[in-house]
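Novice: Heads up: the protein sequence lines correspond to chains R and D, in order.
Here the first sequence is numbered in my numbering, starting from 4 and rising by one per residue.
Here the second sequence is numbered in my numbering, starting from 100 and rising by one per residue.
Simulated from the structure, these hints should not be mistaken for lab results.
Note that CB positions come from ideal geometry on N, CA and C, so glycine has one too.
Errors might be hidden in some of the hints.
Said to hold, decoys possible - Computed from the model, here is a short list of chain R residues facing chain D with C-beta under 10 Å:
| hint | residue |
| --- | --- |
| 1 | Asp33 |
| 2 | Leu102 |
| 3 | Met174 |
| 4 | Asp212 |
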Amino acid sequence: MELVCPAGSLPALEAAIDNGADAVYIGFRDETNARHFGGLNFDERRAQQALAKIRARGRRLFVAINTYARPDRFSRWQSAVDRAVDLGADAVILADIGLMDYAAERYPDLALHLSVQASATSAAALSFYRRNFGIRRAVLPRVLSLKQVQQLARTSPVELEVFGFGSLCIMAEGRCHLSSYVTGESPNMNGVCSPAKAVEWQPTPAGLDARLNGVLIDRFGAGENAGYPTLCKGRFVADDRTGHALEEPVSLNSMALLPALCAAGIKAIKIEGRQRSPSYVAQVVRTWREAIDRLARGGEFHIDPRWADTLSRNSEGKQTTLGAYERPWQ
Amino acid sequence: MRLSLGPNQFYWRRTDINLFYEQMLETPLDVIYLGEVVCGKRDELRAADWIELACALADNSDKQVVLSTLALLESGADFSWVRKVCDNGRLLVEANDMAAVELLAEAGLPFTCGPAINLYNHRAVAQLMTMGMQRWTAPVEMSGHQLGEVLTRLTHKPEVEVLAHGLLPLAYSARCFTARHLGLSKDNCGRRCIEFASGIPLTSQEDQSLFVMNGIQTLSGEPVNLLRQMDSLRTTGVDLLRLSPQVHDMRAVIDAFDRARNGDTDLTLLLLGVDGYWRGQCGFDLIASG
């Protein structure tokens, strides 16, 4: 299985390579990718440095161009595909069929990966992208159970990549407008979710309030660990009960399913987190490298307590979940 | 402009569903979309029942009747449901997922695309038109300006539809929030969403209306209402206004939009709801009274 790792900066990319990434995915420094955060991502010069480092170590570089192109700035997304090709990237990760049409027509040999943002969950949907644009791989949304992933792997017309570790989107990716409803900016159009510029921290006599564009997302007591106010992880009120009505602050960790995913024929494991630090990338990638290597050696697969500890320390709210892979979560 | 009734997002009892659509036949609606779009476990009406109901509606009126498909497919059963709807052999189908697009395009059938399909630019729209898309409902977060930017770049335009009234479908998840709220697992949900004909409102701890939980779907807390935007909808090139089914006052909403398309402003409903998305702002921005 290929270990596909995130990098939002050169140091993070080096950390990924040094710790065993088979492939690294990056984005350009604009709204053409779904992690369009300040200070993150690669301009032309950095992208070239990234590629040089990748080639020197015999790894692969993917470029995520996975937001939906605006009609009035379509050329910007087109140019992102051109730049990825000029750079010599091994694949581009796309979600927008307008852009896929451009890429397939202009660069018939370019490897296209279907982004998780395209939210394809069935063999028929995958076949749509395969038939029309020749995609070679698809990243599956974090909405399927293990059994459903296994079933899909049996009939998929393209190779599949699934999420191994990182932030947990509880909504089907590419089909969530919560962020634009409250802040005006969304993953699909702007490459951001619950954007930092809309966040406001307000100390109160009781503790700390976290707001997003003025909306109270969570209220933390003194001493309580105050997490980032992502909309779907806020504490809201339904029927007079206050709580995490949608989801708690928690990270996805599917390491326990590694043998089953491998047996199902899943070709790649994706680590989320282009917004994370080089140190985070180093620890998480090293842990997954060890796990995948252990699995490849054969014999019984056990999760080393050190791995579990490292992943838990690097999780939101220090908690991990199998997410939708496991039916009870759903 | 034509008026359409979007597919019902909620789970109602069979008798209520039948009664609701019977009443809809007596309204000035031009198009009726129907079918399960949220959850494949809902079984008051299964695929065959929806097709039968849709055919009956088509037989008894001159309205265009369209069958809508599920937005998020997870299981093989979900896929079979979508296949049955696509294979209905008579009525136009609204695809809400690329799986449905694939089935319809492969069969050489014309189709419409619902708002859950991500078409954000002219090239994407043109692509689907070559595959048979005749009508396009814009994503709910797209502004009037952006929609105009798409349309001016198209040589051949599809019919254009916009969700003009009702709660906005904002997100779909593997998780059932209604079951979670009731302390049940999704596998043992008992289809209890039938008890919430308008979903479960979710507010901030300051009592600000935010969202509505509807099974695996999250809707906006407030209804979109574009009554005030009739001129801008018309000049942008919108052909159909979609009104989303609601358990109360559906007739009043339809009548208000019917009067509005004939140039008569309905003051009762005019300022109730949100229209931020259409104006290029946050979706939850209220209709300005100025």
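Novice: Can we keep the Asp212/R interface hint, with Cβ of chain D closer than 10 Å?
Specialist: This hint holds: Asp212/R lies near chain D, its Cβ roughly 9 Å from the closest one there, short of 10 Å.
Novice: Once the shortest beta carbon distance from Met174/R to chain D is found, is it less than 10 Å?
Specialist: 4 Å, holds
Novice: When the nearest CB of chain D is found for Asp33/R, is that gap smaller than 10 Å?
Specialist: 16 Å, violated
Novice: How about Leu102/R: closest beta carbon in chain D under 10 Å, or not?
Specialist: 7 Å, holds
Going through the hint list in order, the structure does not satisfy hint 1, though it satisfies all others.
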